[in-house]
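Novice: Read off the chains here:
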Amino acid sequence: MTKTIVPIGPYHPLQEEPEFFTLTVEGEKIVAIDVRVGYNHRGIEKLSEKKTYDQSCFVVERICGICSTSHPFAFVQAVEDIAQIQIPERAQYIRTIIGEGERIHSHLLWLGLAGHFLGYNTVYMWAWKLREEILDVMEILSGNRNNYGMFKPGGVRRDIKAEDIPTVIKKIDSIVPTVEMLKKAVMDDPVLQARTKGVGILTKEAAMDFSALGPTARASGVRRDVRKDSPYAAYDRVQWDMIVLQNGDVFDKLVLRVLELFQSIKIMKECLLTLPPGEIDARLKTVPPGEGIGQHEAPRGECFHYVRSDGTNRPVRHKIRAPTFMNLPTYKATVVNQTISDATIILAAIDPCYCCTERVAVLDTKGTKIFSGGDLVRLSQEKTNRIRKEMGAC
Amino acid sequence: MTREEILNDLKNRFKDDILEVVDKTPKRVYIEIKPESLKKVALYIFKELKGRFNIASGMDERFHMEILYHFAVEDINLIISLRVKLQKNHLEIESLAPHFEAVNWIERELNEMLGINFKGHPDLRRLLLPENWPEGVYPLRRDYKEWDPNAIRDRGVS
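Chain order of the listed sequences is A and B. Residues in the first sequence are numbered consecutively from 1, following our numbering. Residues in the second sequence are numbered consecutively from 1, following our numbering.
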């Protein structure tokens, strides 16, 4: 059979994390995949060497627009690891609240887009409507819907007012029934199961080999979560469970994120209700020479920051590792031997930023365009409709 | 095994390979090893101790080039960072990519950013830098000078 090259996703400067996939297909089946990244490389590691520790905190917040607090969270812990200081308990609780609020809205964003790719536009609308409530909560807590600017080495910048807490809890509670409904919609829908079960499986062995992180690893039966393995902030002071599923397919990744929403809501509420009084800033004045590592379990997995200090007010080396850097190469294991119509959802299942999968183009060997990006999403939606009809669901 | 048992075992098992052990905090240990022993020690931590590979970070020091390989041993809540120092006139080290997939990308990144050659890497193409970037120019080195007269990379950076 003739082989066809399928390039996915050129590059769009407005959206972050552009990626370029080259799929080699035989008929419908994908036989090889290659990924090209770096289209929007901004040199933040180098830039950070020119900024003070306080400024770097704002720079790293702008690495990702969706999980904007993950990088400052890891960065401030790396600086605190160098200085070996304890931060006030209240600041640790506030950090946890912001971190979990972000996880809720990030998972909802993914859930909505996954629904859209699979032809469930109702799920898309519901999930994004719920996300608005959480963004409102973040605005009440931090003053911003995104890019919260809450973190600083040694503590947090802004306190949570006692009079805001009842409003926030009411808003968080208000999304629970709809999340329950979404959970039922995902778990009970036979069409969705037919569409995602057994698709794009990442085995436990492969997850270990790739050192996969976050939901991508936990859906493959790997018990891995920095919040449990190496507790920081207030994660060891509240009750919550690590969700681990076994199959490693798209369905398990979907269910895992829905179930994690409930845990995040639980952590956030408990932190708000038991918020201890006191200072919010340890007033870190100078950073001594040395090196430190900071980790934070972002919505997509562990964020890792390594900082080296020479005793001045700027880092001499700042290494940043975002979770997608480890999760993205797992495509090699999950996409091969699957069909083109499943490619979009498998590529989306690790929850990268979405720009790539939305601008897919399918070319034949002469470079003639067969499908555009929209066509591939349509192809995926049509497959769902076909299964729906076969099952007599509509 | 506890944290102390694992560290003592490492010190005994690789006593000829380890140059220095810095037991910094309960969660962090930095171990400097000889560059030629990297494969042996790193594979033991990854395969036997089930250490998750976090990442490798490279740095251009005044007299040598340094690479740190960070491994998280999750059961005992410890990050072991293997430090390797390379001579500037011989920037070459054995690649770990044939042995496990997780290091594949970061070795490509270190190669293009600092100019370190990873011997035996299956696919040492560029990862982040564009196609038109000149050969032999490494942006994370201390002696990096802007090569493109039309570049706006320096704008706003003092």
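Keep in mind that a hint or two might mislead.
Under the rule of at most 25 Å between Cα atoms (straight-line distance), these lysine-lysine pairs were calculated in the DSS-like manner [as the list claims (entries may be wrong)]: (1) Lys119/B with Lys24/B; (2) Lys228/A with Lys47/B; (3) Lys27/B with Lys228/A; (4) Lys50/B with Lys34/B; (5) Lys39/B with Lys46/A; (6) Lys85/B with Lys332/A; (7) Lys39/B with Lys204/A; (8) Lys47/B with Lys46/A; (9) Lys50/B with Lys27/B; (10) Lys161/A with Lys228/A; (11) Lys145/B with Lys228/A; (12) Lys27/B with Lys50/A; (13) Lys285/A with Lys50/B; (14) Lys27/B with Lys88/B; (15) Lys24/B with Lys228/A; (16) Lys332/A with Lys24/B; (17) Lys285/A with Lys34/B; (18) Lys51/A with Lys11/B; (19) Lys51/A with Lys170/A; (20) Lys285/A with Lys332/A; (21) Lys171/A with Lys184/A; (22) Lys204/A with Lys119/B; (23) Lys88/B with Lys50/B; (24) Lys228/A with Lys285/A; (25) Lys50/B with Lys204/A; (26) Lys332/A with Lys39/B; (27) Lys85/B with Lys46/A; (28) Lys88/B with Lys332/A; (29) Lys47/B with Lys88/B.
Some chain B residues flagged as far from chain A (calculated, every beta-carbon gap over 10 Å) [said to hold, decoys possible]: (30) Arg28; (31) Glu36; (32) Glu101; (33) Leu128.
Beta-carbon label-pair distances, calculated as ranges [claimed, not checked]: (34) Ile44/A with Glu4/B: 43 to 49 Å; (35) Thr52/A with Pro130/B: 25 to 31 Å; (36) Met187/A with Thr25/B: 29 to 35 Å; (37) Phe14/B with Met125/A: 32 to 38 Å; (38) Trp147/B with Ala32/A: 33 to 39 Å; (39) Ala32/A with Asn117/B: 36 to 42 Å; (40) Ile152/B with Gln193/A: 47 to 53 Å.
Honestly, the hints are just simulated from the structure, not real lab data. Predicted model only: the values in this text are computed from it and were never measured. The beta carbon of each residue, even a glycine, is placed where N, CA and C say it ideally should be.
Novice: Each hint needs a verdict: does it hold in this structure or not?
Specialist: Hints versus structure:
As the CA atoms of Lys119/B and Lys24/B are separated by approximately 31 Å, the hinted pair breaks the 25 Å bound. As the CA atoms of Lys228/A and Lys47/B are separated by approximately 22 Å, the hinted pair is consistent with the 25 Å bound. A threshold of 25 Å between alpha carbons decides the hint, and for Lys27/B with Lys228/A the separation of about 14 Å falls inside it, so the pair holds. Simply put, Lys50/B and Lys34/B have alpha-carbon atoms about 22 Å apart, close enough for the 25 Å limit, and the pair holds.
For the hint linking Lys39/B to Lys46/A, the alpha-carbon distance of about 29 Å lies beyond 25 Å, and the restraint is violated. Taken as a hint, the Lys85/B and Lys332/A pair is broken in the structure, with Cα atoms around 32 Å apart against an allowance of 25 Å. For the suggested pair Lys39/B and Lys204/A, the alpha carbons sit about 24 Å apart, so the restraint of at most 25 Å is met. Among the hinted pairs, Lys47/B with Lys46/A is inconsistent with the structure: their alpha-carbon atoms are about 33 Å apart, more than 25 Å.
At most 25 Å may separate the alpha-carbon atoms for a hinted pair to count; Lys50/B and Lys27/B meet this at roughly 16 Å. Proximity of Lys161/A to Lys228/A is assessed by CA-CA distance (about 29 Å); at most 25 Å being required, the pair is judged violated. A C-alpha spacing of about 44 Å is found between Lys145/B and Lys228/A, which places the hinted pair above 25 Å, so the restraint is violated. Straight-line distance between C-alpha atoms of Lys27/B and Lys50/A comes to about 29 Å, which puts the hinted pair past the 25 Å bound.
Proximity of Lys285/A to Lys50/B is assessed by CA-CA distance (about 38 Å); at most 25 Å being required, the pair is judged violated. Between the alpha carbons of Lys27/B and Lys88/B the distance comes to roughly 31 Å, so the proposed pair goes past 25 Å and is violated. For the hint linking Lys24/B to Lys228/A, the alpha-carbon distance of about 22 Å falls within 25 Å, and the restraint holds. Taken as a hint, the Lys332/A and Lys24/B pair is broken in the structure, with Cα atoms around 37 Å apart against an allowance of 25 Å.
Only pairs whose Cα atoms come within 25 Å are accepted, and Lys285/A paired with Lys34/B is rejected, the gap being roughly 37 Å. Taking the CA atoms of Lys51/A and Lys11/B, the gap is near 38 Å; set against the 25 Å cutoff, the hint is violated. The hinted pair formed by Lys51/A and Lys170/A fails the criterion: a straight-line CA distance of about 40 Å is larger than 25 Å. Among the hinted pairs, Lys285/A with Lys332/A is inconsistent with the structure: their alpha-carbon atoms are about 46 Å apart, more than 25 Å.
The straight-line distance between the Cα atoms of Lys171/A and Lys184/A is roughly 21 Å, inside the 25 Å bound, and the hint therefore holds. The straight-line distance between the Cα atoms of Lys204/A and Lys119/B is roughly 29 Å, outside the 25 Å bound, and the hint therefore fails. Restraint check for Lys88/B and Lys50/B: the C-alpha separation of about 32 Å exceeds 25 Å, so the hint is violated. Taking the CA atoms of Lys228/A and Lys285/A, the gap is about 30 Å. The hint is violated against a cut of 25 Å.
Between Lys50/B and Lys204/A the CA atoms are separated by roughly 13 Å; this keeps the pair inside 25 Å, and the hint holds. A C-alpha spacing of about 24 Å is found between Lys332/A and Lys39/B, which places the hinted pair at or below 25 Å, so the restraint holds. This hinted pair checks out: Lys85/B and Lys46/A have alpha carbons roughly 21 Å apart, not beyond 25 Å. For the given pair, Lys88/B sits about 35 Å from Lys332/A by alpha-carbon distance, which is inconsistent with the 25 Å threshold.
With a C-alpha separation of about 30 Å, the suggested pair Lys47/B and Lys88/B falls outside the 25 Å cut-off, and the hint is violated. Its closest Cβ contact with chain A, about 6 Å, brings Arg28/B to no more than 10 Å, contrary to its assignment away from the interface. Listed as a non-interface residue, Glu36/B keeps its Cβ farther than 10 Å from every Cβ of chain A; the least gap is roughly 24 Å. Under the 10 Å C-beta cut-off, the non-interface status given to Glu101/B relative to chain A is violated; the minimum distance is some 5 Å.
The claim that Leu128/B is not at the interface with chain A is violated, since a C-beta of that chain comes within 10 Å of its own (minimum 3 Å). At roughly 38 Å, the beta-carbon separation of Ile44/A and Glu4/B lies outside the given 43 to 49 Å, and the hint is violated. Distance hint check for Thr52/A and Pro130/B: the Cβ-Cβ separation is about 30 Å, which falls inside the suggested range of 25 to 31 Å. Distance hint check: the CB atoms of Met187/A and Thr25/B are about 43 Å apart, inconsistent with the given range 29 to 35 Å.
Range check, Phe14/B to Met125/A: about 57 Å between beta-carbon atoms, so the 32 to 38 Å window is missed. Separated by about 35 Å at the C-beta atoms, Trp147/B and Ala32/A satisfy the suggested range of 33 to 39 Å. Distance hint for Ala32/A and Asn117/B: a CB-CB separation of about 26 Å, inconsistent with the stated range 36 to 42 Å. About 51 Å separates the C-beta atoms of Ile152/B and Gln193/A, a value consistent with the hinted range of 47 to 53 Å.
Hint compliance for this structure: hints 1, 5, 6, 8, 10, 11, 12, 13, 14, 16, 17, 18, 19, 20, 22, 23, 24, 28, 29, 30, 32, 33, 34, 36, 37 and 39 are broken, all remaining hints hold.
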